[in-house]
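Trainee: Protein chains in written order, with our numbering: chain A, 1 to 429; chain B, 430 to 596.
Misleading hints may appear alongside valid ones.
Now the in silico label distances, taken between C-beta atoms and shown as ranges [as the list claims (entries may be wrong)]:
(1) Asn375(A) to Phe472(B): 25 to 35 angstroms
(2) Gly506(B) to Ile384(A): 49 to 59 angstroms
(3) Ala465(B) to Met1(A): 37 to 47 angstroms
(4) Asp352(A) to Arg433(B): 17 to 27 angstroms
(5) Leu4(A) to Thr550(B): 39 to 49 angstroms
(6) Ile384(A) to Ala465(B): 47 to 57 angstroms
(7) Ala465(B) to Thr325(A): 25 to 35 angstroms
(8) Asp352(A) to Ala465(B): 54 to 64 angstroms
Hints in this document: simulated from the structure, not taken from any laboratory. Here a beta-carbon is modelled for each residue, glycine too, at the ideal position from N, C-alpha and C.
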Amino acid sequence: MFNLFLKECTQLGKSLIYIVFICITIAFYTTQYFSDIKGNDPRNSGSPLIKPSYVQDVEKYNKENDMYPCGSTNEEIPEQIISKSTLMMYEEHMKGTYSAYPHGLFKNVKLDKENTKKIEEILCKITGKSLIELEKLHKNVNWNEIHFSSSSKDYSSFKKLMEKANNIIGEQSNYSKENLRRFGVRPITYEEAMKTYKDLIEKDKITNGFARLFCDYMGIVMGLFPVFVVFSFIRKDRKSNMKQVIYSRRVSSAKLILSRYSALIIMMMVPIFLLAGVSTFQVVSISEKLNLTVDYFAFFKYSIGWLMPTLMAVTAVGMFLTLLTETAIAIPVQMIWWYSSISKGVLIGNYDLSQLMIRFNTIYDRDEFVSIIYNIFLNRMFFILISAIFVVTSIYILNLKRIGRIDFYDKYSKYFTNFKGKFKNSLSK
Amino acid sequence: MAARICEQFVAIIGVVILVPIFTTEEDENIKETINAKVISPIFVYIIRILISIILIVSIIALFVNTLIYLDGTFTSGRLIMGTVSSALFLGGLGLFVASLTQNVGIGYMISIVYFVFDMMTKGKYTKNLFLFSLMNNSIKEKYYLFVAAVVLIILSLLVYWIRKINA
Numbered sequence: 001m002f003n004l005f006l007k008e009c010t011q012l013g014k015s016l017i018y019i020v021f022i023c024i025t026i027a028f029y030t031t032q033y034f035s036d037i038k039g040n041d042p043r044n045s046g047s048p049l050i051k052p053s054y055v056q057d058v059e060k061y062n063k064e065n066d067m068y069p070c071g072s073t074n075e076e077i078p079e080q081i082i083s084k085s086t087l088m089m090y091e092e093h094m095k096g097t098y099s100a101y102p103h104g105l106f107k108n109v110k111l112d113k114e115n116t117k118k119i120e121e122i123l124c125k126i127t128g129k130s131l132i133e134l135e136k137l138h139k140n141v142n143w144n145e146i147h148f149s150s151s152s153k154d155y156s157s158f159k160k161l162m163e164k165a166n167n168i169i170g171e172q173s174n175y176s177k178e179n180l181r182r183f184g185v186r187p188i189t190y191e192e193a194m195k196t197y198k199d200l201i202e203k204d205k206i207t208n209g210f211a212r213l214f215c216d217y218m219g220i221v222m223g224l225f226p227v228f229v230v231f232s233f234i235r236k237d238r239k240s241n242m243k244q245v246i247y248s249r250r251v252s253s254a255k256l257i258l259s260r261y262s263a264l265i266i267m268m269m270v271p272i273f274l275l276a277g278v279s280t281f282q283v284v285s286i287s288e289k290l291n292l293t294v295d296y297f298a299f300f301k302y303s304i305g306w307l308m309p310t311l312m313a314v315t316a317v318g319m320f321l322t323l324l325t326e327t328a329i330a331i332p333v334q335m336i337w338w339y340s341s342i343s344k345g346v347l348i349g350n351y352d353l354s355q356l357m358i359r360f361n362t363i364y365d366r367d368e369f370v371s372i373i374y375n376i377f378l379n380r381m382f383f384i385l386i387s388a389i390f391v392v393t394s395i396y397i398l399n400l401k402r403i404g405r406i407d408f409y410d411k412y413s414k415y416f417t418n419f420k421g422k423f424k425n426s427l428s429k
Numbered sequence: 430m431a432a433r434i435c436e437q438f439v440a441i442i443g444v445v446i447l448v449p450i451f452t453t454e455e456d457e458n459i460k461e462t463i464n465a466k467v468i469s470p471i472f473v474y475i476i477r478i479l480i481s482i483i484l485i486v487s488i489i490a491l492f493v494n495t496l497i498y499l500d501g502t503f504t505s506g507r508l509i510m511g512t513v514s515s516a517l518f519l520g521g522l523g524l525f526v527a528s529l530t531q532n533v534g535i536g537y538m539i540s541i542v543y544f545v546f547d548m549m550t551k552g553k554y555t556k557n558l559f560l561f562s563l564m565n566n567s568i569k570e571k572y573y574l575f576v577a578a579v580v581l582i583i584l585s586l587l588v589y590w591i592r593k594i595n596a
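Start from the sequences, fold in the hints, and give me the full structure.
Mentor: This is the structure in structure tokens:
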């Protein structure tokens, strides 16, 4: 079996498509991950590897530099949210179009007269002013003069009104519950910045955080491109007329499939491991200058635990479909699967079982990661299970094919010839 | 919004329809039989390509008109032309690579790679061959794409022809 595995590995290593696959992986790595982590160089001022500095007067700093010393974050601050969101709503109302983001897609919503009137009512109710008064305030850039009372009771009624507006405009408008939060901005405190820094440097040992970002980007590659390699590799038997020769050999189907499957997995993990090595080297060279300790195996651990299940599932499903139909059907299937997984647009914290690739587009947020690690584990286990099921089915299918019980391709090419014959007959009549 | 749907979903139809045109002749036995016939295979390919192009155009036109029927508000000609250019370019690229490498898998792969890269880098590297220019309300790129598509399709036929002569 091991001999067979080695043979498959060399076969795959020599094939053109495998080389193209490696090139794509490297290109993706440099354009996505590598260009993203460039900003982390400690020579840059905002680098996460540098200890945040303490600034006494945050507001003064903000006025001088037009930014907060440790950055800013969104928080539910009623005064800010009420004022900014009503301003936004008023401007959208004047423009006549409202933005919404259903399913992560941008949509310009135009409302009919009746609904526009409803929005006007909501605006008047929240601000306590008439439309003419609002127009005056807006012209003179005196929006802040509107007296919004922000007691908790008012805020809850404001939220209800906004929910109403959201229902009128449609799914995921600027006024939906989640999006309202974005109107509130506050500076990140020194303590928080310090915690983020300590989480990354001490708990994550730098590389763990970077490895999550690495897996986030490389997962996009692993969720789609292996299927091309699998398709070409499995189809090769047919192309070079080796099908009958292999089918009649004494070696068992299980051995054939398992050696081929493991060869595919191991060979396609090779570029990932190489890039993981490069990334580790990179981080080590940066951190040595700053005298920080680094976890040398983080990239490899994450690659195996996080990326390999994706690769396994894609390979198993691709192999199964190609074996069964001997057509390129696996490619569109994989594209749809990949697209449906990636188009949800959630960059962090989506890990339900339909999620082929797990995204975690940040090197921070260790707490968030620790809190969902169990769900990620479940998700990964699910995909390993799926790949096992498809591998076993592939073995079964190959067995049936070898004894001549199914030949999907012949069957439906025959169907087409019949179809042609029927067509001709009907024409000659 | 309509531009986004057309460019990011419908344009893929070009890959699905145009790339596998030479696949049947990947089998050496079939290829030998076909090459020995009086009618030049290039002629057959041209017919196949034309049929595919007609198919692509009509599917896209049908789709866009369905959108308009469902209360879409945009100019259909621009959208159809833009989507067709993107689809033909993707298909032509795949077809060219497939005929060059004699491996349809690589053909599919390259055109999808182009698509995904362009989507991720937003035309940073592809400049005038940016696939999703309609989303930025620019149609200039579409002319380049269309010309490139025609060139790629002709080149792929040329590759096949040269290989046949040398064989």
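Trainee: Which of the numbered hints are not met once you compare them with the structure shown?
Mentor: The structure breaks only hint 1.
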